[in-house]
Amino acid sequence: MRFQAASDQSLLVYLGEEIGAAAHERVVWLLRLLQRKPIKWLRNIQPAYCSLLITFDATAVEHAEVQAKILELEHRAKTLPAANPRLVEVPVCYGGEFGPDLDWVAEQRGLPAEKVVELHIAPTYYAYFLGFAPGFAYLGDLAEEIAVPRLESPRKEVPAGSVGIAARQTAIYPFGTPGGWRLIGRTQAEIFRKDREPMGLIEIGDQVRFRPITRAEYLATRRA
Amino acid sequence: MSLLVVESAGLQTTVQDFGREGFGVLGISASGAADAVALRLGNLLLENKAGAPALEMTLTGGTFLFPDGAVICLAGANFDAQADGQALELWRPHAIFPGKRLAFGATRDYARCYLCVAGGFGVEEFLGSASTQLLSGLGGWEGRALRKGDVLQVGKLEKNIRRRKLRPGVLDALKPEKKLRVTRGPQFDWFAEEAQRTLAGGEFVVSEDSNRIGLRLDGPRLATRGHGEMISEGAPVGAIQVTPSGQAIILFVEQQTTGGYPKVANVIGADLHCVGQLRPRDTIRFEEVSLAEARKLWIEQQSLLGSEERLFA
Numbered sequence: 005m006r007f008q009a010a011s012d013q014s015l016l017v018y019l020g021e022e023i024g025a026a027a028h029e030r031v032v033w034l035l036r037l038l039q040r041k042p043i044k045w046l047r048n049i050q051p052a053y054c055s056l057l058i059t060f061d062a063t064a065v066e067h068a069e070v071q072a073k074i075l076e077l078e079h080r081a082k083t084l085p086a087a088n089p090r091l092v093e094v095p096v097c098y099g100g101e102f103g104p105d106l107d108w109v110a111e112q113r114g115l116p117a118e119k120v121v122e123l124h125i126a127p128t129y130y131a132y133f134l135g136f137a138p139g140f141a142y143l144g145d146l147a148e149e150i151a152v153p154r155l156e157s158p159r160k161e162v163p164a165g166s167v168g169i170a171a172r173q174t175a176i177y178p179f180g181t182p183g184g185w186r187l188i189g190r191t192q193a194e195i196f197r198k199d200r201e202p203m204g205l206i207e208i209g210d211q212v213r214f215r216p217i218t219r220a221e222y223l224a225t226r227r228a
Numbered sequence: 023m024s025l026l027v028v029e030s031a032g033l034q035t036t037v038q039d040f041g042r043e044g045f046g047v048l049g050i051s052a053s054g055a056a057d058a059v060a061l062r063l064g065n066l067l068l069e070n071k072a073g074a075p076a077l078e079m080t081l082t083g084g085t086f087l088f089p090d091g092a093v094i095c096l097a098g099a100n101f102d103a104q105a106d107g108q109a110l111e112l113w114r115p116h117a118i119f120p121g122k123r124l125a126f127g128a129t130r131d132y133a134r135c136y137l138c139v140a141g142g143f144g145v146e147e148f149l150g151s152a153s154t155q156l157l158s159g160l161g162g163w164e165g166r167a168l169r170k171g172d173v174l175q176v177g178k179l180e181k182n183i184r185r186r187k188l189r190p191g192v193l194d195a196l197k198p199e200k201k202l203r204v205t206r207g208p209q210f211d212w213f214a215e216e217a218q219r220t221l222a223g224g225e226f227v228v229s230e231d232s233n234r235i236g237l238r239l240d241g242p243r244l245a246t247r248g249h250g251e252m253i254s255e256g257a258p259v260g261a262i263q264v265t266p267s268g269q270a271i272i273l274f275v276e277q278q279t280t281g282g283y284p285k286v287a288n289v290i291g292a293d294l295h296c297v298g299q300l301r302p303r304d305t306i307r308f309e310e311v312s313l314a315e316a317r318k319l320w321i322e323q324q325s326l327l328g329s330e331e332r333l334f335a
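From first to last, the protein sequence lines are chains A and B.
Going by the numbering used here, the first residue of the first sequence is number 5, and it counts up by one from there.
Going by the numbering used here, the first residue of the second sequence is number 23, and it counts up by one from there.
Because the hints were derived from the structure by calculation, they are not lab data.
Please note that the accuracy of each hint is not assured.
Said to hold, decoys possible - Some chain B residues well away from chain A (every beta-carbon gap over 10 Å; in silico):
| # | residue |
| --- | --- |
| 1 | Asp106 |
| 2 | Pro115 |
| 3 | Pro120 |
| 4 | Lys201 |
| 5 | Arg243 |
| 6 | Glu331 |
To be verified - Think about it this way: if two alpha-carbon atoms lie no more than 30 Å apart in a straight line, the pair counts; the simulated DSS-like pairs of lysine-lysine are:
| # | chain 1 | residue 1 | chain 2 | residue 2 |
| --- | --- | --- | --- | --- |
| 7 | B | Lys71 | A | Lys41 |
| 8 | A | Lys44 | B | Lys318 |
| 9 | B | Lys318 | A | Lys198 |
| 10 | B | Lys170 | B | Lys122 |
| 11 | B | Lys318 | A | Lys73 |
| 12 | B | Lys170 | A | Lys198 |
For each residue, glycine too, the CB sits at the ideal point set by N, CA and C.
Next comes chain B alone, as it looks inside the complex (with noise of 0.2 Å):
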């Protein structure tokens, strides 16, 4: 058994994996990696199972150590990872000698990088999952964010890694894009004319008060005419509900799992990994696709990530 010692835990470095989702009668929302694409691939590079824990940084990165080495794998956001001075590749498995310094700077590009380790990281699951809940403070590392002194245990290395690569084209068709492909909410209807073509060609600002829990929009408002009352009703990851005010808000991996506001759409399932790469200030707009449309999108992503010969050379 291995460490990693946190020198500095940079502005929200959280231990995540793919969650647990099922609990939603106990009013649990199911967490999980923002960019569960980039922390599989990040993990199969390894040879980890693709959910090992890991640790997502978010917007700028912390400094840590492994004492005893290891090996590694970064993905997601470019956050400027160097090991003692050297610059790392992203989407490659590195080695990291004993007593070596792994930093990280300032994202250059999207908000989340994620640290894979070989073995993964070693935290007491909850509900079957090491994701951190940061609202609540379940799950994994103590539920909360890392802090400096903090020293987590890697697991084992297995076996010797392989130099895996991602074939060319993997990750442009699995880019994080600024343009979500959105399918009709529940409440579509309850919206005037002017409001859905403003979704459909307006432009959103993500706003500073974006986090895991939900996405606020600043721009267009979106307002709904006349309708019945409106009953909390479950609400699905990646819901865009409306606020009385009109500002649209996307419900995200520690989402409330119900909720009161009429939803407008849906980002669909395989564009949700780029909610998980939006930083504030970012502009995004939505484009509608069918339920159809949506779902053969979801089963080709789906068959890529799971396609060992697709994703590596």
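Just chain A, same shape as in the assembly (with noise of 0.2 Å):
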């Protein structure tokens, strides 16, 4: 474990350097210990691949007084509550209008779309972090042979349930926003919902698989 004020009111806790699933692990540990009981200096969590930001009331504690907390939790931590991530499916209709750029990746990694897609069914995700935008899950790990970079500009909408990747990394678009992952796909899913419980179809920690469906079938899926 190692510390790092990354602003006059927040500390980042690293628990490890590389991205996967053991460093995640400890993230998720730690993130739980965190939510166990309310601690009233605390303000926000942020996980990520290998890290925790903690933001604090920093009138009633400073940097050190939250780094001893961790460390103390760490060490009291005996028995945690079982994690019990989810399996998710999202229904993905592939290519065409919906993925406007798995052409672009077939071709740029010298395969047909057909096999883009199959390698990106293939895996069963994990889901290691929500950022950018409410319920965007952040997936990983994905195909090497698919990876690719993201877009040099950022499109200024990308639509609703956009199946992205980026790296070795996929995720889906919960809301019309802008966006620089390339798009292969798009889903019906309802992503994020505010009257919904939970309000994300993604959590941290879920695992997620992607299952290819026609455009007929696509089309014939209305949102609710």
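Two chains, two frames, a set of hints: combine them into the complex.
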């Protein structure tokens, strides 16, 4: 565990130096420890691949005290509530108007488009964390064979439900927002609904699989 | 219950309060007023809750009608407000009689003016806040900036408004400065010595391409030295991240909650309201302070903002 002040009111806790299951298990573990009982000075927790950013009430505590509290929590932790990851299946219509970058990805990586789809649906992905926009889950690990860089300049508007890839990650855009990932398909699944519990279709630690559907199936699915 | 009718909305007018902090696990940034100090003072002058929902106007304000009248207070930037042609001062309560038209122009000084109303604006809360998040279209008034024809509800006026005034010196102590104090960011050491010096001494210009998500800075580029691969991590509000081309971006209230660019510095909490009052083409500088100094300044500011005796005459 390594600590680093990020601002006058926040502290980064690093739990590994490499993206992968080992570091992330520790991230989720510390997240659950911090969530177990309310902590008065704790304002926000932002998990990521290998770290947690902890924002605190700087009128009440300083960095050293937050650090001590985390070490104490870690030291005392014996049992933890078992994580029960859900398996979420997301139906996706690949290519065509819904996946405008599919052919580009195929060409870049010297693969037929069908193979790109095959490689995208093969793994059971892991939701490392949510960021960018409400409900936007960073899913890994994308097959190396179809890893491509982000767009040089992001699109001004990516339609809600778009499935994008960037480096070794994939994600679904919950809202029509700007976005720089390469779009290979789209889903009608509602990624974030404020009137649903939980609001996000995918939460940190969940497992995600993509299921290919035809254009006709996609169009037959109506958003509620 | 009384109403506000939007005759014209201005450049970007949204409902804001202190935001919804604490939902990073869901990927949700806090949002909230860009200048939380102005919002607080405007509300307190009306004896509202400090974080009552108000309208945040950006660079150019709109025109509004209160068909049933209202008591208002304007805070932040001077947008040349008038009620049926009569100029309205900032930082004091005004009674707006039924049917009077409240008109704002373009800013004369800073970026954002807050229209606070006694009783606050009534909108449905999302995750405990009335704040609008434009990126995802959540919260506030239908998740978007106001448009002509929108009709908002105004909370009930509970009591008579006293003629409250700010003590002399309060506004000076909280004046939005263009020199922002920063602490070192988590990747400060990744930057070349020249970049570290540039950050401390250089002048940067706020780009037109700036908003509540982030402020892009033109001017000197900040080069990193060779370093390992950056793994995306949580980024605090006020983080100054640097793109591969060397451009600095200040992450702001509707920020992405995580980021993969190195962060050279972070605006201190006590100066975040200054960021909310920066306009495109403003020239800014940075000054490094220690974490201890930043904390002291934050506690001092919070103590002033929390003290009725120190704020009001």
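We went through each hint and held it up to the structure:
Non-interface call for B:Asp106 relative to chain A: holds, since the shortest CB-CB distance, roughly 40 Å, exceeds 10 Å. At the 10 Å boundary, the C-beta of B:Pro115 stays outside the reach of chain A, the nearest C-beta of that chain being 29 Å off. Remark: the non-interface label on B:Pro120 is consistent with the geometry, its nearest Cβ contact in chain A lying 35 Å away (cut-off 10 Å). Every beta carbon of chain A lies more than 10 Å from that of B:Lys201, the smallest distance being close to 17 Å; the non-interface claim holds.
At roughly 18 Å, the least C-beta separation between B:Arg243 and chain A is larger than 10 Å, which holds for a residue marked as non-interface. Against chain A, the non-interface label of B:Glu331 holds: every CB pair exceeds 10 Å, the least being about 18 Å. Pair hint B:Lys71 plus A:Lys41 holds up; C-alpha atoms about 28 Å apart against a cutoff of 30 Å. A C-alpha spacing of about 20 Å is found between A:Lys44 and B:Lys318, which places the hinted pair at or below 30 Å, so the restraint holds.
Distance hint between B:Lys318 and A:Lys198 is unfulfilled; the C-alpha atoms sit about 38 Å from each other, more than 30 Å. For the proposed pair B:Lys170 and B:Lys122, the alpha carbon gap of about 17 Å is at most 30 Å, so the pair holds. With a CA separation close to 22 Å, the supplied pair B:Lys318 and A:Lys73 stays within the 30 Å bound. The suggested pairing of B:Lys170 with A:Lys198 holds, with an alpha-carbon distance near 26 Å, which does not exceed 30 Å.
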